[in-house]
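S.K.: Chains A and B supply the protein sequences, listed in that same order. Taking the numbering used here, the leading residue of the first sequence gets 1, the next gets one more, and so forth. Taking the numbering used here, the leading residue of the second sequence gets 1, the next gets one more, and so forth.
You can take every hint at face value.
Derived coverage of chain B by chain A (criterion: at least 3 residues anywhere in the stretch with Cβ under 8 Å from a Cβ of chain A; other residues may be distant): (1) 6-13; (2) 50-60.
Residues of chain A placed beyond 12 Å of chain B at every Cβ, according to the derived structure: (3) Ala28; (4) Gly31; (5) Glu77; (6) Leu79; (7) Pro81; (8) Gly104; (9) Trp106; (10) Glu107; (11) Arg124; (12) Ala127.
Listed next, the stretches of chain A that the computed footprint assigns to chain B, with coverage defined by at least 3 CB atoms under 8 Å from CB atoms of chain B: (13) 11-18; (14) 109-120.
Hints are computed from structural coordinates only; laboratory data are not their basis. Built from N, CA and C at the ideal position, the CB exists for glycine as well.
What follows is each chain in one-letter form.
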Amino acid sequence: MSAKPVFLVVDDSRLHHQMYMLVFAKGALAGSTLLHAKNGREGYALFTTHPEIEMVFLDLNMPEMNGLEFLERRRSENLHPHIPVVLVTTEDSAEDEARGRAAGAWEYLRKPFTPAQLTELVERARARGVRT
Amino acid sequence: MNDDAGNPFAELLEEYVAECAPLAQAVGDTLVTLERRWEEGDPADQLFGTLKGSLHTLKGNSAMLGLTAIQALAHCMEDVCAFLGERPDLRPAASGLLLRGAGVLVEMVGRAARGPLSADRSEHFISEAREFIQAESVGTETSAPYPERRRFERRTGSEVGELGSDGVVSTIRVDARRLDGLLETFGETMIAGLGLREAVRDLAIRHRGAGFTDLEHALTSLEKTLKRLEGALMATRLVSIATVFGRFNLLVREVANAHEKRVGLVTSGGETQLDKTVIDRLGEPLVHLVTNAIIHGLESPAERERSGKPSEATVTLSAVQRSDRVILTVTDDGRGLDPERILHKARQLGAVAADATPSREEVFAMAFLPGLSTTERVSALAGRGVGLDVVANSIRTLGGSIEVASEPGKGTKFTMSLPLTLAVLRSLLVAVDGERYALPLGDVAESLRVTNEAIHEIDGHGMMLWRGQVIPVSDAAEVLGGSARASRNYCVVVRSGARRRGMLVDGLLGHQDVVVKALDPSLGRPPTISGATILGDGRVACILDTARFAELRATEASTATLS
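Pulled out of the complex, with its shape left as it was, chain B reads as follows (with noise of 0.2 Å):
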């Protein structure tokens, strides 16, 4: 056998990992805690019989796929679990062995569907389990250093869950690009659907609303279907965050060691759903937010307890829907980041004004400016060198906005809101000189008629006065790259966190929802635009970045009073 694709069961391949991923990450799970109860001194049996099945689940399936090397590595692991069975004195000293054979076992078996596996990591983890179990033997009464016993735990949860209780498979799994090519057919469907709108509007003004009733009627109906059609399309491509969040165990783990600090994961609202592609893209995010707060927000235990915190410090991933958003934290309870700092760096930076006196809420925005990192230290676990512009760039990608509160020596907290799918936005459609713009609905505030009496200009600056607060206003074709021209007669008001913004455009053109198009890289664009869509008439709109609006004008403008 080997891991080719002569394999008879090869195209079960994508099943295996669905099946086998969260197997493995379960495997890294269960033996972070083992780590901890066993260093309490509980030999947590159960607990361990059911890590025992889980490797011989993996075992059993790797083996039928052919992929020798995930099962020599899951056999090997259960191997010195039969060991720590006759030994349970040297349990303790083998999870950190263990932990490390999980996460080539995460790995190995996350990459299984995407070609040949080298097989050097898990090779050089038997060959180290070898050894532990072999310099174990010596000199110990046990009779053979591979004790085969294996008992017939009954393991609690059930991993399939998927098959109904009449014994029909009541769930199939789908390919993720069938999924991607249906909902790119539906978002041609709507352009259609908007098409046959504009042209019934037209018969009927052009004449006088007579005689189209019926027509009316069944386009009305029609697009409801759509909106249905719509809704159930998005609930098949919604996944729990749980497949990220699960993720973290391990990481944490590995993170806090490398660098001596004790942490406790906390999650909470894996349950949540989000759309497919968003949760993809999450990952990474996520990752760098969290070992940041491990390596940089997090203090020693030491510390810690000097400053009357317990050693242990907890590092929490939340999830919770808010209709049709998202929102994600991660909070640390440790040392919290410091203003005085930001400040300095933005300064140094020439973000921001030297005699300019901005918020705390305004500072800790600054943290997200591109090289604008607080630590100078560059982590090689972890750190990558990756500041949280990067991370603060992918969330917006994601349709997203990202802020951060924090209390020095209490602990950070980055909230981010992300939208339920990427494919269809609920926008409002403006007109800016002649052309229409889609502007996602979520981040719109309020949009009012102005006058220019109203756009007050301070140091060459639009300003107005908004619900009782003075707010930035810019004009829409300058944002857009254009020249500013001298009266427009509607603002819309803007938010990304806490930042309201004024954006002046010629007319409001209504509500609609919009099927989101990516723009071809290659053609370059203004970072205020995120996306485009196809209007029912045929043309092509642009889809505003309303977040970035808010944040990045701010800057400029911060940066403009400078000269």
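Extracted from the complex, chain A is given alone in its bound form (with noise of 0.2 Å):
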């Protein structure tokens, strides 16, 4: 790949966007793009509009559309689906985290997770070539 990776970042905490940022600055991550979102519905807009993400970072609960239903409505109109989709959620919610891969996630992400943590996931989705 070339031009500069895109990271997708949907969360209605700015908290969130800035930890991300955070992430995204340093290290092997160092020098890639993120698209900030702060519901679902606007993270669903950029994600039309924008094929060459590479990972999109989806929280669970937010206002206006929730990442449950970022995961419904993608897979009913089947967009983009070689996009990998993290589901970030928080450590009890397993019932959750099985619905969210029901509904086409590739992988979830626990808060609180490390910089390492998202690193590695994103590490592990190149590897398998989950996005050529």
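Join these two chains into a complex; the hints should help.
M.R.: What follows is the structure, encoded as structure tokens:
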């Protein structure tokens, strides 16, 4: 990949957007481009118009359109099925994670996560050629 | 995970507080509403869902920052909510517990950026909550004490709002200290500009105005730019007063319960904006006024009903902007101030002559005298032995003024007037004995030329007729701790609330925007000086606390009459 990798962050928390910015500012992921959306609806709009996205980090609980609704809509429209979507959940939501996977999430990331865990997810996706 | 700096996102602590403090506050506010609705038998499921959503977000955010104590607290409150989801019948009984949790949550989140947190209070809450769930689970048909049934409720509104629709961050947060630094630098630039202006004026005078037009124009354009820069800079420091008002829902409820009062809080004008410095220092005096109102001003529900009032009292907080000031009011519909009692106390304190017959307004103004608290009782929760004089002092340090109006049996209203900003002051420069002083222009009612004959000496006090009313007049030097001179040419009439007072000065030097510098407290200063500024020629001028002058001298005059 010669162009800068692009990632989409969908979260209603400003704080989380800044966390992603920190993670993507250094180390292996430095130089990536981040797209920010504050709810599922905005996120879906960006997802539609940016097929070059390498991976989506999708929060579960959001106003307007939540993470599951995002995934369900994407599946029903079969939109960019090759882009891996990571569902971001909290520690005690095993049930949600199962529903997320069923709705087409590639992986899930549990809060609290570390920069290393996030980086590892990206590298794992690249290694497996989830996205070519 | 623990609360140390090893967290990879530790640098976002300030941002965490900025995002989560309002969320914690919203948890408290929502609970206050829920408590009422539940008591009325309304399960209020949608609002309950909002509450659970906020707690969930707080839990997640705290976890990311390694704030395990807050995370555990939010988690525990979620558990209580989940339990109440199964047992709607227990909701009214549990609201007090949840509100206590919300109080701890607000406090801990607010303190998170200021060093390690003690988990004492959160742990205390958690054990209390566990006991509640356990006690209520015994003998019921419900299977699990911690039913884990989380639905994906849609949350209304957005806590972000700062992201533009194009996905680009359109708002950034800046460390307040950087803004202070910027302001400091701006102040110095402005002082340099004033110096330049004086130098150009001198040059023009010396050379009879020849050939300096270009310089003058350049300077005028620089001054205009500085003016715009000032406006832009001030705008970055404005914070809406809702951040202060937000604290009061929980507080009012807590104080009202402790004192067996029923109180509803009404706020208006929360969107009104004030300088951050003013906002930061406004909370405490407002807390005093509101708690005082509840404890001392409001009657018990039974007493209210007997006098034909609704049993639930109302405390109102309001803010509104009037030109370059913000008017804040704290109103209650309680029993009102007792003028007889205030006057009696004031006489005991020797603050007013035994035979003086002050007007009602004057009596109410005495409520702000040191040592004059109308109740003997000091309340553990709110009274803290703090009198209205302390409140008035805090407001004055902010360059504001405060007055009170009251109708016995109907209620009391405190009105505060505060400057939008503390950094730049529109002032009137005056000359007194070769020194220059700056007077806040907002407090100047009029400045006029006077002759000796216009000042009447009554009982050793100067009086003059101004716009049909007799007002007291003092010599500026006397007020500033020097000795009075025989004659001055000008009188500046200053106001504070309904008070007017004349100050005799040698000369009026014109209007000027000055940059306020705080005085080193160790230097000591007369109470009538509120700060200092540097003028164009590099010399220091003191800023007079005109409101203080109007009030302080009035009481001194009354005391003097005693002797």
